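Q: Each chain, written out:
Number of protein chains: 2
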Amino acid sequence: MTYCVGIKLNAGLVFLSDSRTNAGVDNISVYRKMIVYEKAGDRFMVLLSAGNLSISQSVREILQVEQLKEPNHPEPITIWNATSMFDACRVLGQAVRHVYDRDAESLKNAGVEFNVNLIFGGQIAGEGMRLFQVYSAGNFIEATAETPYFQIGEYKYGKPVLDRVITPDTDLDEAAKCALVSMDSTMKSNLSVGPPFDLVVYEANRFQTDKVVCIDMQNPYFRMLHQGWGQKLREVFDSLEDPVWDESHTETPLRTQAGGRAKPLKKISRAEEKLI
Amino acid sequence: MTYCVGIKLNAGLVFLSDSRTNAGVDNISVYRKMIVYEKAGDRFMVLLSAGNLSISQSVREILQVEQLKEPNHPEPITIWNATSMFDACRVLGQAVRHVYDRDAESLKNAGVEFNVNLIFGGQIAGEGMRLFQVYSAGNFIEATAETPYFQIGEYKYGKPVLDRVITPDTDLDEAAKCALVSMDSTMKSNLSVGPPFDLVVYEANRFQTDKVVCIDMQNPYFRMLHQGWGQKLREVFDSLEDPVWDESHTETPLRTQAGGRAKPLKKISRAEEKLI
Chain V
8 MTYCVGIKLN AGLVFLSDSR TNAGVDNISV YRKMIVYEKA GDRFMVLLSA
58 GNLSISQSVR EILQVEQLKE PNHPEPITIW NATSMFDACR VLGQAVRHVY
108 DRDAESLKNA GVEFNVNLIF GGQIAGEGMR LFQVYSAGNF IEATAETPYF
158 QIGEYKYGKP VLDRVITPDT DLDEAAKCAL VSMDSTMKSN LSVGPPFDLV
208 VYEANRFQTD KVVCIDMQNP YFRMLHQGWG QKLREVFDSL EDPVWDESHT
258 ETPLRTQAGG RAKPLKKISR AEEKLI
Chain B
8 MTYCVGIKLN AGLVFLSDSR TNAGVDNISV YRKMIVYEKA GDRFMVLLSA
58 GNLSISQSVR EILQVEQLKE PNHPEPITIW NATSMFDACR VLGQAVRHVY
108 DRDAESLKNA GVEFNVNLIF GGQIAGEGMR LFQVYSAGNF IEATAETPYF
158 QIGEYKYGKP VLDRVITPDT DLDEAAKCAL VSMDSTMKSN LSVGPPFDLV
208 VYEANRFQTD KVVCIDMQNP YFRMLHQGWG QKLREVFDSL EDPVWDESHT
258 ETPLRTQAGG RAKPLKKISR AEEKLI
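Chains V and B, in that order, are what the protein sequence lines are. If you count the first sequence from 1, position 8 lands on 15 in the numbering used here, and the numbers rise without skipping. If you count the second sequence from 1, position 168 lands on 175 in the numbering used here, and the numbers rise without skipping.
Any given hint could be a false lead.
If chains are identical, the list can't say which one is meant, so a pair holds when it fits in one copy or spans any two.
Unchecked claim - Subject to a maximum C-alpha distance of 16 Å in a straight line, what follows is the list of computed EDC-like cross-link-like pairs (lysine to aspartate or glutamate):
| no. | residue 1 | residue 2 |
| --- | --- | --- |
| 1 | Lys115 | Glu153 |
| 2 | Lys218 | Asp249 |
| 3 | Lys218 | Asp253 |
| 4 | Lys46 | Asp217 |
| 5 | Lys46 | Glu210 |
| 6 | Lys218 | Asp180 |
| 7 | Lys195 | Asp94 |
No lab work stands behind these hints: they were computed from the structure. From a predicted model like this one, the values you see are computed outputs, not experimental measurements.
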């Protein structure tokens with residue numbers, strides 16, 4: 008499995024990926040799932056991949072040389088000369104379709120689904136930052152202010168904290184922290200997601216970044232997050248009062264067949280209200 | 008969708024279920040997914056169901072009258088005369104198989120998978136409390152001290168908090184609180200899980216309970232949890248320091264094709280360490 012997240016903020020972009028792949032729990036390996044495409048001052052793009060590893064590796068391989076021929080364009084569009092992230096993403100979509108044409112039938116004959124999920128984001132000089140999610144069919148959607156992040160792979164465990172924290176106004180380091188907490192929750196609940204983690208933080212309109220880091224379990228910051236988040240979460244949980252069982256009954260009936268009779272319902276309320 | 012959780016503690020059992028079903032987002036309904044079977048002083052059992060509603064309702068219907076005939080038993084085993092939760096669960100498994108025999112082929116012809124998931128737990132006089140998860144095939148597994156809870160339906164969003172809090176020594180009200188926080192996280196991230204919620208708390212060796220409650224969004228305790236957990240989670244998040252980007256570089260290379268050159272990696276560390 009895999010967990011990758013890409014976040015688009017007013018201040019910039021944050022990308023985080025794990026590096027564990029598995030073909031069954033008895034076959035766990037480490038593969039990096041992030042690639043940075045950078046032409047300093049001109050374009051900065053990051054690709055995160057999940058799904059069938061042979062497909063995503065093939066896509067990454069041919070993306071470098073993929074050419075999108077358009078009648079109204081003098082020369083073919085590549086990720087290196089595209090004038091918009093949208094066009095660059097179309098090149099990526101075409102790369103996915105080329106791998107499909109090449110491999111899908113054989114995969115199907117082997118009973119393997121053609122499954123790849125990609126997050127592709129960045130900025131090209133002349134336009135703002137953009138973030139896309141690309142599907143197995145080569146089609147894609149773009150992140151908006153209402154939905155400023157994409158996740159691929161094992162996304163559910165790590166989604167609640169993103170939903171609670173991330174808005175377009177979130178600052179970059181805070182978003183990086185949030186992505187790492189999201190990764191930590193995912194890693195805790197799914198064995199097939201694991202370190203090292205690749206983190207890239209891009210500041211708007213820089214067209215390059217030096218904030219690229221590989222984080223393993225020895226990383227002091229991630230260790231602090233891992234321990235601190237778990238421990239403080241527990242403290243918060245303990246700080247919330249337990250329910251108090253009220254002797255009065257609610258109206259709502261619980262549909263029950265307990266020996267054929269209906270069950271009376273108690274109320275639960277808060278200690279402080281009992282004291283009033 | 009559905010989210011149900013059953014927890015087995017030394018002190019007793021906790022059961023929580025949502026009440027939302029959907030046949031597509033344009034067809035959302037409220038169905039209770041919990042039934043309590045109680046013969047005061049003799050047995051107390053709770054059934055939670057997820058999956059295809061027509062299947063789970065049929066199972067619940069026939070479970071009342073289901074009989075397991077055994078050569079070495081003078082009279083057929085039912086959930087009302089079973090001498091162990093294990094036998095009661097076998098009766099439930101047989102009920103699932105009867106519904107399978109009745110409906111599976113027609114469902115298959117209609118392209119519908121025979122899909123039902125059940126949590127069944129309780130206590131019968133003469134033995135300790137037991138908690139089971141029953142699958143579509145009518146087979147089942149039992150909770151242990153290492154894995155003291157079961158979830159069915161949309162389980163992922165709500166799993167991290169259970170993993171962090173629940174142990175066999177957790178007390179009942181704390182476990183009820185944990186189940187409700189788990190439900191709150193699930194509800195927040197999945198539209199198809201919603202109130203009202205049915206909560207049952209059973210104390211060991213009581214063979215009955217009056218702690219049965221239906222919780223809607225007006226419930227003052229759940230409202231407090233819903234707001235308090237979200238707000239305090241945010242405070243904890245804010246209390247964790249942001250990463251500090253260190254000028255020194257790590258050894259680990261990030262596999263990258265950024266314009267063909269390898270990308271140097273920074274370190275992230277903790278503010279306090281920078282100060283040392």
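Q: Indicate, hint by hint, whether the structure satisfies it.
A: So, going through the hints one by one against the coordinates:
| no. | hint | in the structure |
| --- | --- | --- |
| 1 | Lys115 / Glu153 | neither (37 Å within a copy, 40 Å between copies) |
| 2 | Lys218 / Asp249 | between (44 Å within a copy, 14 Å between copies) |
| 3 | Lys218 / Asp253 | between (55 Å within a copy, 9 Å between copies) |
| 4 | Lys46 / Asp217 | within (13 Å within a copy, 68 Å between copies) |
| 5 | Lys46 / Glu210 | within (15 Å within a copy, 65 Å between copies) |
| 6 | Lys218 / Asp180 | within (10 Å within a copy, 46 Å between copies) |
| 7 | Lys195 / Asp94 | neither (38 Å within a copy, 35 Å between copies) |
Checked against the numbered hints given earlier, this structure breaks hints 1, 7; the rest are met.
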